[in-house]
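Just need the whole structure built from these sequences, with the hints factored in.
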Amino acid sequence: MTELAVAILTGILFTTGVYLLLERTMIKFLIGLVLLGNATNLVVFTCSRLVRGAPPIIPKGEKILQPPFADPLGQALILTAIVISFGVLAFTMMLIRRTYDAIGSDDVEDLIEPLGQDLTEKESAP
Amino acid sequence: MSVIFVVLIPLLMAALLVSLWNVPKGRKIIALIGSAAHALAGVWLLTTVIQSGAVAKNISGWIPPFGIEFRADIFSATLVALASFIGLCVTIYAHSNIDDERTNFGFHPLFFVLLGGISGAFVTADLFNMFVWFECILLSSFVLLGLGGEKKQLRGSLNYVIPNLFSSMLFLTGLGLIYGATGTLNMAQLAERTAQINPSTAALITVVFVTAFGLKAALFPFFSWLPNSYHTPPTAVAALFAGLLTKVGIYAIIRFVGTIAPTTAAAIIPILTIICVLTIVIGSIGALAHTNLRKILGYLLIGHIAFMLLGLIVPTQASMAAAYFYMLNHILVITCLFFFVGIIQWHTGQIDIRKIGGLQAKYPALAVGMAIPTLSLIGIPPFSGFWPKIGLLQAASETPLFFASIIFSSFLTLLAMAKVWMNIFWRAEVTETPEMPPCPTTKALPAYLLAAIILVISLFPAPIADLTNRAASEFAPYFQINRGDQ
Numbered sequence: 001m002t003e004l005a006v007a008i009l010t011g012i013l014f015t016t017g018v019y020l021l022l023e024r025t026m027i028k029f030l031i032g033l034v035l036l037g038n039a040t041n042l043v044v045f046t047c048s049r050l051v052r053g054a055p056p057i058i059p060k061g062e063k064i065l066q067p068p069f070a071d072p073l074g075q076a077l078i079l080t081a082i083v084i085s086f087g088v089l090a091f092t093m094m095l096i097r098r099t100y101d102a103i104g105s106d107d108v109e110d111l112i113e114p115l116g117q118d119l120t121e122k123e124s125a126p
Numbered sequence: 127m128s129v130i131f132v133v134l135i136p137l138l139m140a141a142l143l144v145s146l147w148n149v150p151k152g153r154k155i156i157a158l159i160g161s162a163a164h165a166l167a168g169v170w171l172l173t174t175v176i177q178s179g180a181v182a183k184n185i186s187g188w189i190p191p192f193g194i195e196f197r198a199d200i201f202s203a204t205l206v207a208l209a210s211f212i213g214l215c216v217t218i219y220a221h222s223n224i225d226d227e228r229t230n231f232g233f234h235p236l237f238f239v240l241l242g243g244i245s246g247a248f249v250t251a252d253l254f255n256m257f258v259w260f261e262c263i264l265l266s267s268f269v270l271l272g273l274g275g276e277k278k279q280l281r282g283s284l285n286y287v288i289p290n291l292f293s294s295m296l297f298l299t300g301l302g303l304i305y306g307a308t309g310t311l312n313m314a315q316l317a318e319r320t321a322q323i324n325p326s327t328a329a330l331i332t333v334v335f336v337t338a339f340g341l342k343a344a345l346f347p348f349f350s351w352l353p354n355s356y357h358t359p360p361t362a363v364a365a366l367f368a369g370l371l372t373k374v375g376i377y378a379i380i381r382f383v384g385t386i387a388p389t390t391a392a393a394i395i396p397i398l399t400i401i402c403v404l405t406i407v408i409g410s411i412g413a414l415a416h417t418n419l420r421k422i423l424g425y426l427l428i429g430h431i432a433f434m435l436l437g438l439i440v441p442t443q444a445s446m447a448a449a450y451f452y453m454l455n456h457i458l459v460i461t462c463l464f465f466f467v468g469i470i471q472w473h474t475g476q477i478d479i480r481k482i483g484g485l486q487a488k489y490p491a492l493a494v495g496m497a498i499p500t501l502s503l504i505g506i507p508p509f510s511g512f513w514p515k516i517g518l519l520q521a522a523s524e525t526p527l528f529f530a531s532i533i534f535s536s537f538l539t540l541l542a543m544a545k546v547w548m549n550i551f552w553r554a555e556v557t558e559t560p561e562m563p564p565c566p567t568t569k570a571l572p573a574y575l576l577a578a579i580i581l582v583i584s585l586f587p588a589p590i591a592d593l594t595n596r597a598a599s600e601f602a603p604y605f606q607i608n609r610g611d612q
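Residue numbers (this note's numbering), protein chains in the order written: chain A, 1 to 126; chain B, 127 to 612.
Hints in this document: simulated from the structure, not taken from any laboratory.
Cβ atoms here follow ideal geometry from the backbone N, Cα and C, with glycine treated the same way.
Take every hint as true, because none was put in to throw you off.
Some residues of chain A that are not near chain B, with every Cβ distance over 12 angstroms (derived):
hint, residue
1, 1
2, 5
3, 8
4, 52
5, 53
6, 55
7, 57
8, 60
9, 61
10, 70
Which residues of chain A face chain B? A partial, calculated answer using Cβ under 8 angstroms:
hint, residue
11, 37
12, 48
13, 81
14, 88
15, 99
16, 111
Within a straight-line C-alpha distance of at most 30 angstroms, the following computed DSSO-like cross-link-like pairs (lysine-lysine) qualify:
hint, chain 1, residue 1, chain 2, residue 2
17, B, 278, B, 481
18, B, 278, A, 28
19, B, 488, B, 545
20, B, 183, A, 63
21, B, 481, B, 277
22, B, 277, B, 154
23, A, 28, B, 277
24, B, 545, B, 481
25, B, 545, B, 278
Now the structure itself:
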């Protein structure tokens, strides 16, 4: 039951995330990225099975772990992914800020140079 | 033992160079030594693998399904060796190409993280670990692309960052799905288990992964980021990106479909064929539309990248070997061409082929040097691009559409490069160019060295063909499973 709820939540996050990615303003793009990142983490989390209150600890006297137990690997993966996405997000935020300062617009359309304009700008670093 | 060094050396070099952040002297020399050590490690790994078969190493001694395994077979070891060699060439070129400002802001550490990420992605035998290496590549390439903060660079960076971030998310989603379906992320174990899961789930997972990797490889319809970003950074960075980054995406697709999920190939081959054909056609046509030398090369890169997937589309050893040969040759050729374009830019200060002219009379050595990679790129016999192309055409005779698109692309490449050649070399000088000091040796050396290597491969292709044949034989299970489906 929880899995269904999380699946629906993931779907909503993916939809809104992709919708925002397709927007033209860069800030919306950034928010879309956050939502997509969360959706992805939820997918990994759900795929390693949702188990409540069963830490992966071998009981005294037993030799191996008895199911059901919460899979620690999935959570370790998410932890790695969260750290990475944190760094990426911080970088993207700064990049968008710098780009906004440089081109004076947060419209993605302005990122594409008109055909031929790339030729008129001075080549500073051959 | 040896396999880990190709990853460790660049990462340690990055750490060392970060610690020397405030010591401007000697950084370039240290970087050069580090690159040379990396190249040596790469060649050593390759010779070990050729002599005694695949090498594996369990990190911290954890046995495979629990720990992360690094594994180099001929297919990955050759790519690592080539990548480390290209890294060495780029370090030499960067000596005079990367200005002090960029060096001060950490060009060298970033470069080594990128190189470590590329090597890691080639040798890892764990799918999640591959994701981590991809992120390494991604973050360092983001910064390298934007380093310097010129207006056009920032534009190019965002064009590059947006699709690549999306591709990472897809990669991670795919990881979640495949872990949920199989309960493992080790490639060898995945290969055993993907055959047992529900075929439609398996196909879904493969589509997610191929889309994620295809975005990085600039396949249709996700290619527009490449020509919009590769013309902005300094030549050394652009040459490194063009030579290696898209090939990492191609490697990942071949590794995923060829090794991890061979049973799903039947479901995606028809789609992959269409995507490849469209990539080839659109990339080649795009090259004709532009007059910016680097953009022309960027589009040609897209047009040629899809050839390298023929080994999956036609599941025979011969086609995989030809596609692999093509890939190795293309890494050398496109890096070499980017170097030569950098030299042209040095001499003329221009990158627009309409404004450059008369180079043949002024710099005959440049014309001779650049002719080699150009002819090889087109595939004129007996240059090195010709040998894999024969193999590709023979293999593609099973899929007429692909066959036609290879021929079509060869003609368009010829046309695009002929246009470039007639403009910049054969016609008279069009604009007065200020007298420039002679080209620095550090720029000329890697360009002519690569051209010489291409020439040697052109004349003696047999050892490379033998090597690629052995590399392709590592995908024997894939051919066995899929031969009936074609």
